[in-house]
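J.: Position chain W relative to chain G; hints supplied.
Protein chains: 2
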Amino acid sequence: MALRARALYDFNSENPGEVSVRENEILTLYSEQDIDGWFEGANSKGERGLFPASYVEILRSDAASTFNNNSCGTSGDAFPDSRYANIPAGGFDASYTPQSKVENFSKPSPPVFNTFTAPTQQQHQHQQQHQQHQQHHTYQQPSQGSDDDWDDDWDDSSTVADEPGTVGGRYRDFEGNGPSTYRVSTVPRGNAQQAKSSATVSRNLNRFSTFVKSGGEAFVLGEASGFVKDGDKICVVMGKYGPEWQENPYPFSCTIDDPTKQTKFKGMKSYISYKLTPTHTQNQVNRRYKHFDWLYARLVEKFPVISVPHIPEKQATGRFEEDFISKRRKGLIWWMNHMTSHPVLARCDVFQHFLTCNSADEKAWKQGKRKAEKDEMVGANFFLTISTPAAPLDFQEVESKIDGFKAFTKRMDDSTLQLNATVNEFARKQITGFKKEYQKVGLSFKVLSQAFEMDQQAYSAGLNQAISFTAEAYEAIGEYFAEQPSKDLDPITDLLALYQGHLANYPDIIHVQKGALTKVKESQKHVEEGKMDGAQAEGINERCNIISCATLAEIQHFHQIRVRDFKAQMQHYLQQQIAFFQKITGKLEEALQKYDNA
Amino acid sequence: MALRARALYDFNSENPGEVSVRENEILTLYSEQDIDGWFEGANSKGERGLFPASYVEILRSDAASTFNNNSCGTSGDAFPDSRYANIPAGGFDASYTPQSKVENFSKPSPPVFNTFTAPTQQQHQHQQQHQQHQQHHTYQQPSQGSDDDWDDDWDDSSTVADEPGTVGGRYRDFEGNGPSTYRVSTVPRGNAQQAKSSATVSRNLNRFSTFVKSGGEAFVLGEASGFVKDGDKICVVMGKYGPEWQENPYPFSCTIDDPTKQTKFKGMKSYISYKLTPTHTQNQVNRRYKHFDWLYARLVEKFPVISVPHIPEKQATGRFEEDFISKRRKGLIWWMNHMTSHPVLARCDVFQHFLTCNSADEKAWKQGKRKAEKDEMVGANFFLTISTPAAPLDFQEVESKIDGFKAFTKRMDDSTLQLNATVNEFARKQITGFKKEYQKVGLSFKVLSQAFEMDQQAYSAGLNQAISFTAEAYEAIGEYFAEQPSKDLDPITDLLALYQGHLANYPDIIHVQKGALTKVKESQKHVEEGKMDGAQAEGINERCNIISCATLAEIQHFHQIRVRDFKAQMQHYLQQQIAFFQKITGKLEEALQKYDNA
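Those protein sequences? They're chains G and W, same order as listed. Counting from 1, one number per residue, gives the positions in the first sequence under full-length UniProt numbering. Counting from 1, one number per residue, gives the positions in the second sequence under full-length UniProt numbering.
In isolation and in its complexed conformation, chain G is listed as follows (with noise of 0.2 Å):
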């Protein structure tokens, strides 16, 4: 059945490939899974292409004609995708209504996919860090997923398609289309809160701010409520060297092995299976990359001043070809590992339910699934779950750290840019050029070998023999040089990915702390002018005050696991270019050994 969609917005296409609408025009979508916020489909003339999807409004069968468009509430499936239609997703009153044209309601950035580009590997290295130097946002967007679409997921799952146009070639007319041939998306950091307009501190008038969407205001204001279970007590200590989250008292990690490729629905769809198995449960579970993707936006949503490890990017096409497989296990070992480091992170439900849930009961499943995404501690709300040392801290303190920390991102930033750059490159040299060179060498010891081996004389046959040893021999190393890099400089590119993820979660973060201390002074010359009373500013104060533990405690974690990271990462760089050397060096001393008895 042909899904279709209502346009709430006229949208006006102004690249090849982008299609017009009509607001309440009735439009035709080939999937329902957006593809970087856009749907692909035809308008009701028939012309087929891209359009926003925050600018329709899908139509269920089920809810097409019950459909109120002043609806709110809780979100549930039969509802418009909330992401695009602005409806919370919590429980909250909301002020404005979806429908209501925003003017500057932004378009996503049309999606181009690499893979039809079919850049070499080199290029792409080069061109994405090309990329990352103009914004380093190359992670995707988080999908909101429901059970419906849970199958149709269009990352890991086969290329067959069941609606017109084929899925594996339909994006195809996209190619070439500008310079921009890397998708660049921005995370958003959960579902824009709305409140109640009764403060007197003013409400900051851009609705799409980091501050507003985190939850970050309307905390700060006064407006999250919320039962906090004992349970979702998050604590923030005092430790040595400031607010800390308090350590998780059962650690644990989780190892992911085994990728295999699974069928379902009579081998019509395909998809790459992990084997998990956490070591405090000791019970392997499979998971999906999509689960991956749904639980990361489950910790988006959720916590806004932790930054979550970005998952691996999506990709179109080569899912199944063993680079891939291979290089995004290690992307989501890497994430498993910051996530079960991570004293909030790896305690939380959603987290737990990922890591615990049998596989196989997919009724329990469902149930933590739509559980968490019913979750009311998000956003707002998270903040009233963290409790704070008593003593609370000094501002004026907490605003130096906070711009000493964002000046020392921004040089990690462009240092593992540059590192990043170099290491790439580095690597493409060993593949390519000191390979070469090196067997050119071995390849001119052999043709020497071949011209002494003329000389019939018994006393050359040794001196032949060992310089054909000698010639095998670089040949030989010549392909260490090509091995190498997978060994110690992928580990290297894996890690300073990962980094710069959060590198990129940073700068919301840190503006959500920055809004909540405007707020601060904001009330301050409020009270001063008598606008205010000193309750009320005590109350912005006291919520500022742990907004700016969570963040310190934040940063403070983040120092700690990138000096963990970036050691165990040295030192394992360092080992394995030793015993690189003394591979070559061994190999060598094996071919002196020939010219001992020639």
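Among the clues, some could well be false.
All copies of an identical chain are treated as equivalent in the list; a pair is satisfied when it fits inside any one copy or across any two copies.
Said to hold, decoys possible - Pairs of lysine-lysine, PhoX-like flavour, derived with a Cα cap of 20 Å:
1. 514 / 229
2. 410 / 446
3. 327 / 275
Bear in mind the hints are in silico, worked out from the structure with no lab data behind them.
T.: Same frame as chain G, but now just chain W:
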């Protein structure tokens, strides 16, 4: 006093820089030292330029008036340079006179000096190697020095001129003169030996064939005669692998050290002096490049079927630069090694004179020098000194061995050229690319450590220092790569240069032997046809056997030193490479340790 010369033949200039001369025209020479067979001077019209040295005779003040063009006999200082006037150095009757115009008299290639086109070292190597593909004779013509011009040697002396036109700049006229940037000169093997035309076996019509010039033809035809002293006897013995030179019963070696700059004529002339210390005398003597050059000319003249190792190339400028001196010294050491290793060359009088004559005793030196230049046992007469095993060789077997060796030298020449090109390129890559890549990695680590230093927390200081140290380690490793080629690849290049010299000698040596064999075949035919008596043919057979024995002994010697040299050089190369990679490993291990307490 201006030096004058008389043109023996017409010469029409064909290239820029050359000047035409007419027969009997009186010319002014700027130096009596020729440059690759060319004199520079002016003709009677005052036109200045180059003309072939072989087309003129020098008019000496004390000899010009009495000079007789028909004179022959012993060559002396008062006579024109016998090489160019084609007057035999030995005491033979000449059957043709030098002033009779010879149509196929080969004109030498114009001299072009690489130092004036100032290629970079890399371009130099590259072009040189390219050049070698076309022609191997990159070593210079041996010069027949005389006592008078001893101090005017253009090489090895300073560029202070005492003639119009400064010496330093006088070849600039020829800069960019056609594509042949590098000197290509052929090495004539001794003087043309003229003999009586009494034999019934036909003479080679080409008076300039190596077979003729070397004296091989004259010897085979029984025209060589001379008194062989016991001390001059050279024995070919039958060894395990065929004929071989009798070993030197008193083997020795000779070191070449302390190249030092010397001046004379109140600083007007500078040259480099080398300290030579032969092991059999332990007396140090001082020698200049021109002494080596003079000795080389004597050896080439004397030994028709011995591959005299080439001395390092002449160089017009930059002779006092440290790199050049070091490189020349290495070349001379290799040369000396091949000289002292050769059973015949090591023992010959002129070499012993060179090695042992007290540098301070100028009179003794000049006596030995004149004696060597008047040596009668050169060329054709050299073969008189050879005694062979009793049993004559089977000529068919000899022919097959010679053909096999010819094919061998071709293959070896090709493979050494390829190896040389590879080694040069590999050195260049290590000095530039490899160094750069490792240092870029170092720099990126340095930048990372500097970014990390912005985090002032105590627990990260150790890591920052360790990364900083790692950065320095990679900086150092880059330097190691750049320094390494001089330790392992350059010696290979030196070895290959020496062997390319030998390989360039062998076509002539083989030509002499083949010429002799042809005479045997001709004589057999003549005997069958009744044109020659059996005794005469038997004489030709016997003399051809002597040439064959000498040639095979020389080939045997070549294989033996080849195996010795290449074995030693490959071992040296591998040992250096092992030490290099161990040094890198050591540096990395040092860096790794810094993380232990980080």
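J.: Each hint should be assessed against the structure and marked as holding or not.
T.: Hint-by-hint comparison with the structure:
1. 514 / 229: Classified as neither: same-chain Cα gap 28 Å, cross-chain 107 Å, threshold 20 Å.
2. 410 / 446: Only across copies: residue 410 and residue 446 sit 16 Å apart there, 52 Å inside one copy, limit 20 Å.
3. 327 / 275: Only inside one copy: residue 327 and residue 275 sit 16 Å apart there, 64 Å across copies, limit 20 Å.
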